[in-house]
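*Asks:* Chain by chain, the residues run as shown.
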Amino acid sequence: MAKLTISELQKLREKLAQERQTREGNARGQIIIHMGTCGIAAGARKVLTALLEAMDKQNVRDVIVSTSGCAGMCSKEPMATVQLPQQAPVKYISLNEEKIVRILNEHLLQGNVVKEFALAVGSERMG
Amino acid sequence: MIKLRIDGNEVEVNAGTPLLKAAQKLNIEIPTLCHYEGIEPYAACRVCTVEVVRGRRRRMVTACNYPATDGIEVFTDNERVRRARRLNLEMLLGRCSEVPAIRALAAKYGVEKSRFGYDPKEKCILCGLCVRMCSDIVKANVLSFAYSGPRRKVVTPFEREMATDVCIACGACAHVCPTGAITIEDLSQRRGEVPEMYLGPKTAISIPFQQAVPKVPYIDPDACIKMQTGGCGICAQVCEPEAINYKMQDEVVELDVGQILVATGYQIFDASQMAQYGYGKLDNVLSALEFEKMLNSTGPTGGRVLTKNGKEPRAIGIIHCIGSRDARYHKYCSRVCCMYALKFAHLVKDRTNAEVYQFYIDMRAFGKGYEEFYSRVLDEGVNVIRGKAAEVVEATWGNEREGHLLVRCEDTLIGKFREVPVDMVVLCAAIEPNVDQERVGQIFSLSRSPDGFFLERHPKLDPMGTVNDGIYLAGCCQGPKDIPDTVAQAQGAAARILAMIAKGEVLLDPIRASIDENLCGGCKVCNNLCPYMAITFDDVKKVSVVNETLCKGCGTCVAACPAGAITGSGFTDEQIFAEIEGILADAGNK
Amino acid sequence: MPYRLHMMVCAGTGCVSNRSLELRDALSAELARRGLDKEIEIVTTGCNGFCGVGPILLVQPDGIFYQKVQVKDVPLLVEEHLVKGRPVKSLMFTPPEAKEPVPRMRDIPFFGKQMLVALRNRGMIDPEKIEDYIARGGYQALAKALTTMTPKQIIEEIKASGLRGRGGGGFPTGIKWETCVHAHSEDGVRYLVCNADEGDPGAFMDRSIIEGDPHSVIEGMVIGAYAIGAHQGYIYVRHEYPLALKRFMIALDQAREYGLLGKDILGTGFDFDIEVHRGAGAFVCGESTALMASIEGRVGEPRAKYIHTVEVGLYNKPTVLNNVETFANVPVIIERGAKWFASIGTEHSKGTKVFSLAGRVKNTGLVEVPMGLSLRELIFDIGGGIADNGKFKAVQTGGPSGGFLPEDLLDLPVDYEKLYEAGSMMGSGGVVVMDHTSCMVDVARFFVDFLQSESCGKCTPCREGIKAMHGILSRICDGKGSEADLATLEELCSVVADTSLCALGGSAPNPVLTSLRYFRSEYEAHLQGKCPAGVCRALITFRINDKCTGCHLCFKACPTSAVLGEPKQMHSIIQGKCIKCGACYDVCKFEAVTKE
Amino acid sequence: MAFEPKIVGFLCNWCSYTGADLAGVSRIKWPPNVRPIRVMCSGRIDPTFVVKAFREGADGVLVSGCHPGDCHYYQGNYKALRRYHLLRRVLEQFGIHPDRLMLTWVSAAEGERWAKVTQEITERVRKLGPLHLKD
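Chains as they are written, first to last, in the working numbering: chain V, 1 to 127; chain G, 128 to 717; chain S, 718 to 1313; chain E, 1314 to 1448.
The hints are simulated quantities; they were obtained by calculation from the structure and are not laboratory data.
Quick reminder that beta carbons are idealized off the backbone N, C-alpha and C, glycines included.
Accuracy of the hints is not assured; some may be wrong.
Coverage of chain S stretches by chain V, computed from C-beta distances (three or more under 8 Å per stretch; other residues unrestricted) [as the list claims (entries may be wrong)]:
1. 719 to 726
2. 799 to 806
3. 845 to 851
4. 855 to 868
5. 972 to 983
6. 1176 to 1185
Let's have the full structure, built from the sequences with the hints guiding it.
*Replies:* This is the structure in C-alpha cells:
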C-alpha cells in the first residue's frame, strides 16, 4: 500500500464513508422488499438480487434495502415499499427485475413515483 | 544563587540545592535515615519531611531531594512536620522495634512504643541505601529489592543465602546501613591491607601511616571499587579541590642526573619461615612491625595493646633475633632489634600491667644513651631471659595454662629449660636485603657484600660511596642500621653529592684508550667491541677514533686490536709487561 | 454488490467472554448457507459498553439492538429479521421499568443519556480495519493539524478546550504539553507516552477504547507528538489486556502501512512512531514515574516528582504522559474546535468522561457522559438503579483509592473539584455502587488491603502506614476495636496522605477517611460489637427462628455440621461450631435463618 | 725446599681486585704464591700478557673477573672467557699444560672465595710442578 498524502486521505475517506453509509443509518431513502413465503415464491428473491446488482452497477450506496414479511396482498407479489424522508411510503406491486430497476432510478434516485407499478400511497397503519 | 527562608532564617544557595543541604548551611539539623552523601536521594524514609510554603501553597516535601527555589519558606520543625516525623518513626519502630538507631530517633520525637506493631527481630527499614550503594555506586548489582508492599525486602540474586560469586565483599552496604541490618562475614582474608598488618580493616583510601612523607592519602587499587568495577567515585564527588585522579598509572620517569643516591631500603624477614614460632598460625603472635602499628595511637587499636579477642594481655614475650644471627638464615646481626624490643617493653609497661619477657642472645645496646635505656627498662621490671626461644606453642587442652601461648627456651644464665606462659608474642624479625636487591645492583653496577646488601667503596674510608663515581648509598640497603646511623650516612652522602655539584666539574680517571692513527688498519673490530660506543670510525681517514669522554678505560679494545694500534693509558702493554717482569723477577734464577 | 445490512457483533472483552465470536462465526455460516453473505456484512466491533447484557448484536441501518444473543438463536434471527424483516422481540432489551422490549439502541436509556466523544466510534467500526475508522472521519484531525496548524496553535487549542488528564490527576493537558515544549532538552529529544496501564479493579475504559477504537488513540498521540516535537512514542499497555494489545498492534501496522505513522507522515515530513511496552500488571506502574522506570527496564517504583516528568521524564528527557482517554479526545477537539469541546461540561471540567459502572447497579458497563452530570443520573438513570431492588448506600468513584460518597451527596455533579472536595476523586473513572448489604468498614478494609499489596513498598508511610491501617480496620471488623483506634486511624490517614511519595499513598487513605466521615456510625456500631450490614463474621450470629419448616436444606449445606435437627423438625445452630459462612442463610427458602 | 709455584694473577679492578683487598682487610690468609696484577677489566687481558707471564717464569696464571652479568663494563668478562678457551688450546700447542691457566670469577664481596681460588690454583700448579720456561 502506497503511503497516503493529505488529498489521498481525503479521497479515501469519501470513498470508504460512502461504502459504509447505510451502516450509519444515513440514506436518501429506503426500499423494503416484502419477502414473505408468498413473495419469495413469486420471485421476490430475484427482484432483491436485481435491485442490489443495479445499485452496485450504478454505485448507489445511500439507499437502505430492507426486507419484510408478507404485505398481505399475496396475489400481487413481489411487492416493495419505497420510503423517502418526509414523504408517505409508496407501495409497488407485481414487480420483476426490470421494474425494480426503474423504481430505483426514477423514484429512489429522482423522487418521481413510478405510477404504473404503484399500488397506493401510504401504509396500512398510516392510512 | 537564590534566597529562601528556613525556619525564619534567610539563606542563599545555588538553585536546585536540596533543602537538606541548604539547612546544613544554617546548622539546622533535619533527621534522615535513607540519605547518604554521594548517593542519589531516594526519599523513601520520609523522616526528613519538611513543610514548604510557596505562595499560597503549603505542602509536605522531603528535604533530601526537594530542590531549593527562590523565595520559598521552609519549616523544618513545626507541629505538622513533627507530627509527620513522629508517625513515620512510630511506623518504623513498629517494624524494627529493637534497633537502637530507630529507638533513639523515635524517642527524640516522643515515641517510646509503637502502636503499629512490635518486631524485635527485624532490623531493616528498607531505606534502600545498601541497594543504591551496591547498584549505583559500587555497580556490583548484588543487592536489590524484591516483592512489593509490606512484603518488600532486600535480597541477593535469587534470594540465595550467599551471593559470594557476585558480591565483591566491599562492605559498602554494611557501612551505609543505618540500622546495622547488614553484617559482613569474613570468608577470606580481608582486602586492602599491607601484608604485615592484618590487624584491622582499612579503607581503600588511607594515609599509609601518620609519619608518611608526603602525608597524603592514597588509593589502594586492589580495594578501590572505582578501579575494580567502575562504580563508586564518591571520593571524587566529595573532594572539593578535585584532587582525586583515578587514571593515575605507574609510569617510568626518565631523568637526566649526574649523581645517584641509592637508598632502596630493606625488607623484613618472613617469620613464618620459622614454623616453630607459630607466626601466621597462632593468634597473637605478631611481627615487630605489627606490634609497632598496634602501639601507634593512630593505629587500628588506637594505641592499646590488645589480643585478638580484644583483651589486654597479662604477659607478652618478645623474642629477639628471628632470622638474624642464625646460621640457617642470616648470620649478621640486625642491629636495631634489641633497642626497639626494649622500647616495646617500655611502652607495654607504660600502657598495661602486663609482664614483659625478653628472650635474647646478647643485648646490644651500643649507641649513645642506649645502655642507659636498657638499665631503665630493667628497673621497670622487664624480665630478660638470656637464651634464644626454641618455640612458641599454644597450651593444649587440659593444660592448666590452656589458652595461653607458651614460649620455650633455655635460660643460659641459670642453665635451665623454661616454659613461659604469655598472651602475646612479638617476633623481632631480621632486616634483610630486598628481594630485588640483585636487580637494583645490576642497574647501578653495584657490588653486594656476602650478606646481600650493597657494598660500599670502603668500609672505613668511604662508607657511603660505591665503586662507581657519583653513586652513593644510604640506609639499610647498605646494611642494617638504626635511624641515627641512617641519617648520618644519608647526610654524609648528600654532602658528597653537594660537594660534587658545587665543584661544577668532574675529575675523571685518566685511564683512557687511544688509537694510533698510523697503526690503525681500519678493521673496525674495536668499533663493535666497545660497550660504551666510544669508538667510531672516521670515514675520511679510514681509521677508528676514541671519544675520550665516553671511554671508561676498560681496555677491551686494547686487548682486541689486531694491529696493536690502541693503547690504554695507565695500562699499556709495556707497563703490564714491565709489571709481569717485575713480579717475576725472582723466577728462573735459582 | 453493496451490503444492505450490517450486523455489528460486539467483540469487546465482555462480549467475547460471553462467546460473541462463536456467535459471529455461527452467523456468518448461516448467512453463507442462505446465500445472504453477499448482501449482509458482519462487522466485529469494539465494546459497546453495555457489558452486562452481552453478547450484543446491532443490526444497521435498522438500529435494532439485540442482547444476550446465543448461537442457538442464530437460525431464528436470520430467518425472521434478515430474511423476513421481522425484528425478533425476544432478543431485545427490556429496561427495568418497561414492560415492552425496546428495539432501537438509541431508545434504551442506558445509551440515550450518553454523549460519545472519546467513544465516538463505539460499536460502529471494526477496530481491526483502519478503513472503518477513516470512513468515519478518522485521521482528518491529524491531516488538519499537520497541514493547517502549528504546534503552538495545537497547544493553544487544547488549552482552550479545557481538556484535563483523564487518568486521574486532572492536570490540564494543554499546559502539560506547553511545559514539555518549554522544558530544556539538550539534544531536543522529547517523548510522548500513552498510559494504558489501567490498574483500577473494575475500571476498563482504556481497555475498551483501545479494543474498540485503537486508531483514535494513535491519532491523538501523533497530534500530541507533533505539538510537542516528539518523534518517538510509547504506549504502556498492561499484559492482562491481550485483546487490546493485539488490536493496537494491528492498528499500528495499518497506520504505518498508510503512512499515518513512521517517517514522513502524510507527506508532511513529520516523523513519529509508537513502540508498545507491556506492563506486568503492577498497580503502581500507572503512576507516571513508576511507569517510565518500567519502560526504561527498571523496577516500577515511583520517584519524587519535585522535578516533573514533563521536564525530566523518560530517559531523563522531557516527556508527556497522557492517558488513553485523553488522547482519544484530542482528535475530536482538533476537528470540532476547542469551543465546541469547552461548551460541554462544567466550569473547570470540560468535555465528557467515560465511567465504568460496576457494583450493585442494574446496568453495569461503560458509559460516556458529559461532565457535570450528577451521580444520581449516572447511577439511577443510566445505571438503572440498584440491583435486586436493594437500597443505595454508597458510591466509590475513582478506583480503589477513591472515597465513598453517601446518599445525600448523590446530586453532586461529576467534576474534578467537586469530587475532590467531597473526599473522593475523579480518578480514571471507576464507579462502584454499594447497597445496604455492604459494610463500609469491611469495604474500606478490602480496598486498603488491595492498596497495601499494590504499594511498591518504597516509602515508609505507604508501606507501613497502609499496613497499619489495615491492621486497625481488621481489628475493628473483628470486634476488637476501641475508640482510640478511630483517632489513631484518622491521625495515620492524614500523615500517610501528607508524607507519601506518590499518589498511591497520597490517596490511599481516602476510603478510610470518607468512610469515617460519612459512615462513622457504622464504625461506632462495630466498636459496640455490631455489624449493621451483617458482613463482618466476628460480629454476626446466625440463628434459626420458628419459620423453619424442617426442610433440612441448611443441614445439608452446612460445611461444619453446625446445624442440628431432624427433617420436618425445627433446626438449630450450634454457635460454637458455626464458622459464619452463611451457607444456611443462602439456602433457606423460608427466611428462617436470620443474621444479626 | 718444597716447590713454591709462582703464579701471576690478573685481576679486574672492580670485582676480583676489590675481593682480594677484602680478603686482606678481613685478615683472610691466602697463598702468597699468587702475585696480582691489576687491570681495569678482565676484558683488557691480552693473551700475550699470559704468554709473557709464562715466559718470564710464571708456573701458573690466574685470570679473575667479575661474575657473569656483573661486569663493570657490561661484557668485558665474557670477552675474557672467549679468549681463555682459545688460549688454552694455544698453550697446549706451546707445550704448556692448559691447567696452568685458570679463569675464575670473584666478586668484590667474596674475600673468602678469593682465598679459596688462590689456594686451588696454587695446589694445582704445585702438582703440575715447575714450568722452567725461562731457563
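*Asks:* Now tell me if each hint is right for this structure.
*Replies:* Evaluation of the provided hints:
1. 719 to 726: holds (count 6)
2. 799 to 806: holds (count 5)
3. 845 to 851: Per the Cβ count (3), the hint holds.
4. 855 to 868: holds (count 6)
5. 972 to 983: holds (count 6)
6. 1176 to 1185: As far as the region 1176 to 1185 of chain S goes, the hint is violated, because 0 residues have Cβ atoms under 8 Å from chain V.
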